[in-house]
Amino acid sequence: MAPVPFLLLIEDDDAIRTGLELGLSRQGHRVVAAATGEDGLKLLKEQRPDLIVLDVMLPGIDGFEVCRRIRRTDQLPIILLTARSDDIDVVVGLESGADDYVIKPVQPRVLDARIRAVLRRGERDSTDSAAFGSIVIDRSAMTVTKDGQDLQLTPTELRLLLELSRRPGQALSRQQLLRLVWEHDYLGDSRLVDACVQRLRAKIEDVPSSPTLIRTVRGVGYRLDTPQ
Amino acid sequence: MKREHGGAFGFLRWTSLRLRLIAVFALVALTAAVSVSGIAYWLNRDAVLTRAQNSALDDFRDSLERNAASLPVRPACRSLETAASRIGSPDTYQVLLTDSTPEGPCTVTSDRDSFSLDDVPASLRRAVNTRHTSDDNRYHLHWERISLQGHPYLVAGARINGGGPTGYMLKSLDAERKDLNSLAWSLGIATLLALIGAALLAQAAGSAVLRPVRRLGEAAKRLGEGHLNTRLKVSGTDELAEMSRTFNNAAEQLENRVEELRAREAASRRFVADMSHELRTPLTAITAVTDVLEDEAEALDPMIAPAVRLVVSETRRLNELVETLMEVTRFDAGTAKLRVDEVDVADMITACMDARAWLDSVELDAPRGVLATIDPRRLDVIMANLIGNALKHGGSPVRVTLRREGGADGEIVISVSDRGPGIPEEVLPHVFDRFYKADASRARSEGSGLGLSIALENAHIHGGDISAANGPEGGALFTLRLPVRPRTEQGASGATRADSAAPGGNGTTGGRR
Numbered sequence: 001m002a003p004v005p006f007l008l009l010i011e012d013d014d015a016i017r018t019g020l021e022l023g024l025s026r027q028g029h030r031v032v033a034a035a036t037g038e039d040g041l042k043l044l045k046e047q048r049p050d051l052i053v054l055d056v057m058l059p060g061i062d063g064f065e066v067c068r069r070i071r072r073t074d075q076l077p078i079i080l081l082t083a084r085s086d087d088i089d090v091v092v093g094l095e096s097g098a099d100d101y102v103i104k105p106v107q108p109r110v111l112d113a114r115i116r117a118v119l120r121r122g123e124r125d126s127t128d129s130a131a132f133g134s135i136v137i138d139r140s141a142m143t144v145t146k147d148g149q150d151l152q153l154t155p156t157e158l159r160l161l162l163e164l165s166r167r168p169g170q171a172l173s174r175q176q177l178l179r180l181v182w183e184h185d186y187l188g189d190s191r192l193v194d195a196c197v198q199r200l201r202a203k204i205e206d207v208p209s210s211p212t213l214i215r216t217v218r219g220v221g222y223r224l225d226t227p228q
Numbered sequence: 001m002k003r004e005h006g007g008a009f010g011f012l013r014w015t016s017l018r019l020r021l022i023a024v025f026a027l028v029a030l031t032a033a034v035s036v037s038g039i040a041y042w043l044n045r046d047a048v049l050t051r052a053q054n055s056a057l058d059d060f061r062d063s064l065e066r067n068a069a070s071l072p073v074r075p076a077c078r079s080l081e082t083a084a085s086r087i088g089s090p091d092t093y094q095v096l097l098t099d100s101t102p103e104g105p106c107t108v109t110s111d112r113d114s115f116s117l118d119d120v121p122a123s124l125r126r127a128v129n130t131r132h133t134s135d136d137n138r139y140h141l142h143w144e145r146i147s148l149q150g151h152p153y154l155v156a157g158a159r160i161n162g163g164g165p166t167g168y169m170l171k172s173l174d175a176e177r178k179d180l181n182s183l184a185w186s187l188g189i190a191t192l193l194a195l196i197g198a199a200l201l202a203q204a205a206g207s208a209v210l211r212p213v214r215r216l217g218e219a220a221k222r223l224g225e226g227h228l229n230t231r232l233k234v235s236g237t238d239e240l241a242e243m244s245r246t247f248n249n250a251a252e253q254l255e256n257r258v259e260e261l262r263a264r265e266a267a268s269r270r271f272v273a274d275m276s277h278e279l280r281t282p283l284t285a286i287t288a289v290t291d292v293l294e295d296e297a298e299a300l301d302p303m304i305a306p307a308v309r310l311v312v313s314e315t316r317r318l319n320e321l322v323e324t325l326m327e328v329t330r331f332d333a334g335t336a337k338l339r340v341d342e343v344d345v346a347d348m349i350t351a352c353m354d355a356r357a358w359l360d361s362v363e364l365d366a367p368r369g370v371l372a373t374i375d376p377r378r379l380d381v382i383m384a385n386l387i388g389n390a391l392k393h394g395g396s397p398v399r400v401t402l403r404r405e406g407g408a409d410g411e412i413v414i415s416v417s418d419r420g421p422g423i424p425e426e427v428l429p430h431v432f433d434r435f436y437k438a439d440a441s442r443a444r445s446e447g448s449g450l451g452l453s454i455a456l457e458n459a460h461i462h463g464g465d466i467s468a469a470n471g472p473e474g475g476a477l478f479t480l481r482l483p484v485r486p487r488t489e490q491g492a493s494g495a496t497r498a499d500s501a502a503p504g505g506n507g508t509t510g511g512r513r
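Going line by line, the protein sequences match chains Z and X. The numbers in full-length UniProt numbering rise by one with no breaks, and the one at position 178 of the first sequence is 178. The numbers in full-length UniProt numbering rise by one with no breaks, and the one at position 326 of the second sequence is 326.
The shape of chain Z in the complex, shown without the other chains (with noise of 0.2 angstroms):
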């Protein structure tokens, strides 16, 4: 049984942090939280949480700020919580580094789903390891290396890598993806896929402009290849 939860909501409404530290509390996490953005990085700083909980409107430095902070030195996951699915935040806020987001209202149920979801990327499933060109992918310790270097994953990264890894070769559909990555049911969003894959280039890839890893395969999706 893994440990409890700890999460960091940051939030700037006091009802809806108040009703959300409720609702996950209810379902089981250990939940701390902030109305600022400012505050949040402070508490993010001296309580390491294992997952980060964030409005996209805050007074301050918003939440796509806050994300891109966190990303400059940390890869602990991040859920963004926003007013609406097809607005352009959700863009925005994938290119920020968010690892997936909940539209407001959100049920603590559905919420509680998500946060477990992204919280089992991390957990390591296999012991083996695999290369693929100057990329080698150690499964048991759940690392990546670049010629040797160590490369800094979000725990979705990480699996987004070692799903398509486990199947050289092969396109794997935006919903096949979602499906394994994101746990998402029929309706995912297939912009959770493409920022995604979008991040992982700008790691992994010699030229991420023009991937030799991670290749686009039109109308079906993305397939993993060893460079020739």
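None of these hints come from the bench; they were simulated from the model. Built from N, CA and C at the ideal position, the CB exists for glycine as well. Mixed in with the good hints, there may be bad ones.
What the hints assert, rightly or not - Under the rule of at most 20 angstroms between Cα atoms (straight-line distance), these lysine to any residue pairs were calculated in the SDA-like manner:
1. X/Lys-178 to X/Leu-43
2. Z/Lys-203 to Z/Thr-226
3. Z/Lys-203 to Z/Ala-141
4. X/Lys-337 to Z/Leu-187
5. Z/Lys-203 to Z/Arg-68
6. X/Lys-337 to Z/Val-91
7. X/Lys-337 to Z/Glu-95
8. X/Lys-337 to Z/Thr-226
9. Z/Lys-203 to Z/Asp-225
10. X/Lys-337 to Z/Asp-87
11. Z/Lys-146 to Z/Arg-215
12. X/Lys-221 to X/Leu-254
13. X/Lys-337 to Z/Ala-141
14. X/Lys-233 to X/Ala-208
15. X/Lys-221 to X/Val-234
16. Z/Lys-203 to Z/Asp-147
17. Z/Lys-203 to Z/Pro-168
18. X/Lys-221 to X/Glu-255
Unchecked claim - Computed footprint of chain Z on chain X; a stretch qualifies when at least three of its residues, placed anywhere within it, have a C-beta under 8 angstroms from a C-beta of chain Z:
19. 271-284
20. 287-301
21. 336-343
22. 370-384
Using the hints provided, position chain X relative to the given structure of chain Z.
Okay, now just chain X, sitting in the frame of chain Z:
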């Protein structure tokens, strides 16, 4: 169609106005020209003939008297002949003299071939040989105009008073007739020229009147097409300028009014959008604790538990309503976006029904392998609304069929039919209207009254459509048609694409027809 008809009608109308103008101008010109020419001709004719006639008669009288006086009382026929040829001349007129001579009655002419006594009308001969009692029983000179073999002639006769020969003259009026004919021709040509001039003037006047009228017509058409800033250039102070001014005023008022209405509509839309957005914050807080309440309901006092459950279920309903409202405002504001992905449509429909536990009450006839590039969430919304509507109003069995039509750029056709009472004819045109309830007696139903309207909007944003009808075996039949791929080609890797649903949207073109 209506407009085309109106256009043709308008064309005929102004053409006929032009024709009427030309006809009136021509009529006026014709009347004036004909009366002027007619009067001129008759006056001229009279003057020409009188002058020619008088000079001939005077000459004849003088010549006759002069020559007759030199004749003996009973001249010989020969001397008469000499006298005749002296009096007459082939150039001016022929002369005929008759008298009783010693050799008997003798009649001589200056030109035997063209003049004989037979040519002189009997009435003239009688008049010439009549003594005028009012004038000392003297003979008078008499004349007549006659026509011989189609040529006009003046014939005159006189008897020498105090005994002497009787003389007749015959003068051809051919020269005068020729002059008069050429005058008539000139007048005819002048009349014709006047007519042509009148027609040209009418044309010019018509154009002068009709150009502004046509401009007005074109401006009105543009105004009707929605170009509310259409204005006419006002020049002059005539009735047409007044008409243009009236048009401009009307157009300006219309523009102001439409702007006002648009602003008001935009304000009310913004209000709904802002309001539903504002509702979200308290709803998020409430929703966050509903799970806690629901879990605890079991353990609560039996009096309180139903109240808690009611709060929980109504909160969820409120959530759905606000979400629907926001969706509607997004469509209205044109900010709804299409996020397409290539999916197996049959799988999508199955998953949609599975998520709502409808698999047992719906017959699905959908072959797998029908792929379409669509927004999966929006297809889910459409199918949930169509099937949900069929189950609610028609009842089981609801039948859903999927087929593909057309080639590579064809469309998918999904029909949802039920075995219910069908849709009354008068309701059919309104089934997609917002808040339209087929059964007015039902004060409040489970639905928001927005479901089918949202389904239709979701079909439209794909460039598709939904139609409602009654099936051949009774029951309602809804048919959804969606293009297999959106009208614009998306990027190679991007499954995400913003679609401009707003008229004159933000640069993205296509997607909708």
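In ascending order, which of the hints set out earlier in this document are inconsistent with the structure?
Numbers 8, 13, in rising order.
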